[in-house]
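Residue numbers (the working numbering), protein chains in the order written: chain A, 1 to 416; chain B, 1 to 416.
Keep in mind that a hint or two might mislead.
[Unchecked claim] Derived list of chain A stretches under chain B, where covered just means 3 residues or more per stretch with a C-beta under 8 angstroms from a C-beta of chain B:
#1 17-25
#2 34-47
#3 228-241
#4 371-383
#5 390-401
Hint data in this document are derived by calculation from the structure and do not stem from the laboratory. Bear in mind the structure is a predicted one, so any value in this text is a computation, not a measurement. No residue lacks a Cβ here, since even glycine has one placed at the ideal position from N, Cα and C.
There are 2 protein chains.
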Amino acid sequence: MNIHIITIGDEILIGQIVDTNSAWMGQELNLSNFSVSKIKTIGDTLEEIETTLDASLKKVDVVLLTGGLGATKDDVTKKALANYFGRELVYHEETHERIKRLFAKFGRKPTEAHYHQSFMPAGATIITNRMGTAPGMWLEQNGKIVVSMPGVPYEMKWLMGHEIIPRLRSIFPGQALVHRTIQTAGQGESHIAKAIAHFEDTLPDNIKLAYLPSMGKVRLRLSAKGTKGESAAVLERILDQKQAEIEALIPQFIFGYGLDSLESVLGDILKKQGKTIATAESCTGGHLAHTITSIPGCSAYFMGSIIAYSNEVKVRQLGVEATTLKEHGAVSEPTVIQMVKGVCQLLGTDMAIATSGIAGPGGGTPEKPVGTVWIAVGNQDKVETMKLEIGKDRLTNIQYTSSRALNMARKFLLGG
Amino acid sequence: MNIHIITIGDEILIGQIVDTNSAWMGQELNLSNFSVSKIKTIGDTLEEIETTLDASLKKVDVVLLTGGLGATKDDVTKKALANYFGRELVYHEETHERIKRLFAKFGRKPTEAHYHQSFMPAGATIITNRMGTAPGMWLEQNGKIVVSMPGVPYEMKWLMGHEIIPRLRSIFPGQALVHRTIQTAGQGESHIAKAIAHFEDTLPDNIKLAYLPSMGKVRLRLSAKGTKGESAAVLERILDQKQAEIEALIPQFIFGYGLDSLESVLGDILKKQGKTIATAESCTGGHLAHTITSIPGCSAYFMGSIIAYSNEVKVRQLGVEATTLKEHGAVSEPTVIQMVKGVCQLLGTDMAIATSGIAGPGGGTPEKPVGTVWIAVGNQDKVETMKLEIGKDRLTNIQYTSSRALNMARKFLLGG
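Just chain A, same shape as in the assembly (with noise of 0.2 angstroms):
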């Protein structure tokens, strides 16, 4: 069951705002075994909605339309619709008193422009939207389906489970979908590609495997539709099957499932071994303190960090001898070392993550070209380190620093 999103607005397309939107529909919908194979974002016309709905309408059979409903001039999805479908705009009462009330409460009076929000077109069935003014619009003409709902992220989040998605699924129950997500860390696309190809090659037609990489993570995402039948139920038993498979083949790069992090796997396995963390940070700056307290929680387990952007902190705080300073240089192997003991003693934790390198864009040697980092996880007794060679931009080399460090992290914690 194919679906189109119309999301109408020009401060989408001059980029005034991200449509988040039609992501959080996509993924509703999705889990109600709906599927999206269209999202389109146009200007506040007639002539752009009309023909842009009619060219949804000819390859889908419903079509959801946000934005475009509220009480100002540029608003006009619902002339556009009544056009379309041939129906005049009548009068709702109901709906203007919603709107009376809803003002009265706030001691206030409706403008003029929220007497014109009451009238819909012809036929539509108006669904109450309890978060504000502008109700939502279900029309069905000849078999298909159009729903027109305000752009405003929390009343169409909430129109949308409360009324639009029941409302769909009471009248297509479909086939079954059911996805499931693995995620990857240490290890690019391509490589996992081709350690997976084979089980690639012989999956069936009904489940498909995409790769989403972000910083150094590759997220698979495993897809599976009931083409012939089959309940979700079966779906996801054939999707244990497949996880499992891939499980057998990569079992060192994966960390975890669905929406785990790399922060929220650390902090979990912190909390589970009763250990607590901090860290040492030279070219991260700061930022992987910042992920790692992106967590909710993560003061039970995270002590703090102690940022050495200068050689003197490194010393004087951390206790890096200035002899290795001297004869290895701060983006060195040694000096990690020395940093994540350091950091370990003064915060008193079980173990740390300490980080020294080149961000750049300045600050590159042909011996230590930008992107060159040295990594350190481990506490007084064991300490494992990581070169990297990045060269990218600074906040990618950041970025992806910070994600190598909390994979290391995980891993000596799991004492691989």
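With chain A's structure known, arrange chain B on it following the hints.
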């Protein structure tokens, strides 16, 4: 000059990632006098790409595609382009050599998938991608231009900024268009709009003012079009005048121009004054240090930070008095004052910024709800403080705190 953007990727349709690329592209293209009239997001299939491209080329002369150019099997954009334009995929040696060199640098060998990345539609102009392996492709046929770029945001941004937009500008010079961005901090959009309402109402038709708010900052963008044939130089002089008028109305909120950020402006002031800075962070957890160190060359003034997430680190490293924590709590004015003084002394800097707050979602109380934050800036001689009550989600509370703290540090250095 209208352009369509086509974003390719199942991961967007199912809402696993939000498409931020097209918003960025819309913004940049607008700044260069191009207008995005439609954004389409579609799946990774040959048929979908070809039919969507065909529909767009019937409406506009330029189509920009992102996504579907990686090294794995679900990347079909190239093949779709070759089919659509009736061309063969031919081996592009330069691309293959570049990929081999990139891998050799890291002591690795490209996989067979990378070899396939070197095949391009015949006749396409290959645009080197300095940020990754997959190059951009520029195809022209029958007066139509189709450009394909990888979907990785920093790769796409590099290609757009360095190659695609300059080429489009040289082909379609169009009307003169000049922009001016004024950066403000410390007041919301509606307050600024009120303060400059008369200025805005009296702007001529060919000058537009846009408000671009984000995290305690509002960018004001003036755009002047040469609708009566004015040259860019004439428009620049008109905007000089308009900028001066805004400066006279809200001098206290302006911190910079163009691409200035609070962290770049703060860095410039520190360098100019020959001063050094450190941070002592609790609720921002390293985000403030990360923001300061996102500026190349910050090692000239940024010495380091103590991320004091636990109270023990606040006491032992920063010298916050245990009685202060007991009597006032960690989220209090006396605590952040002691944190500022402690870190200045410890790292020997001329000034410091300290933060302590409840980032949420847990940890709030009736007296100190989630989003309650104390900030202090200063040194041993003088400290300024501010209390915030933000009350948003965890990440927003953190980012907003960093933004306000940077602005306070800037004003402290300027003696305001």
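Here is what the structure says about each hint:
1. 17-25: Contact hint for the region 17-25 of chain A vs chain B: holds, 8 residues under 8 angstroms.
2. 34-47: With 9 residues closer than 8 angstroms to chain B, the region 34-47 of chain A meets the three-residue bar; holds.
3. 228-241: Since three or more residues must qualify, the claim that chain B covers the region 228-241 of chain A is violated, with 0 doing so at under 8 angstroms.
4. 371-383: violated (count 0)
5. 390-401: Three-residue rule met by the region 390-401 of chain A, so holds; n is 7.
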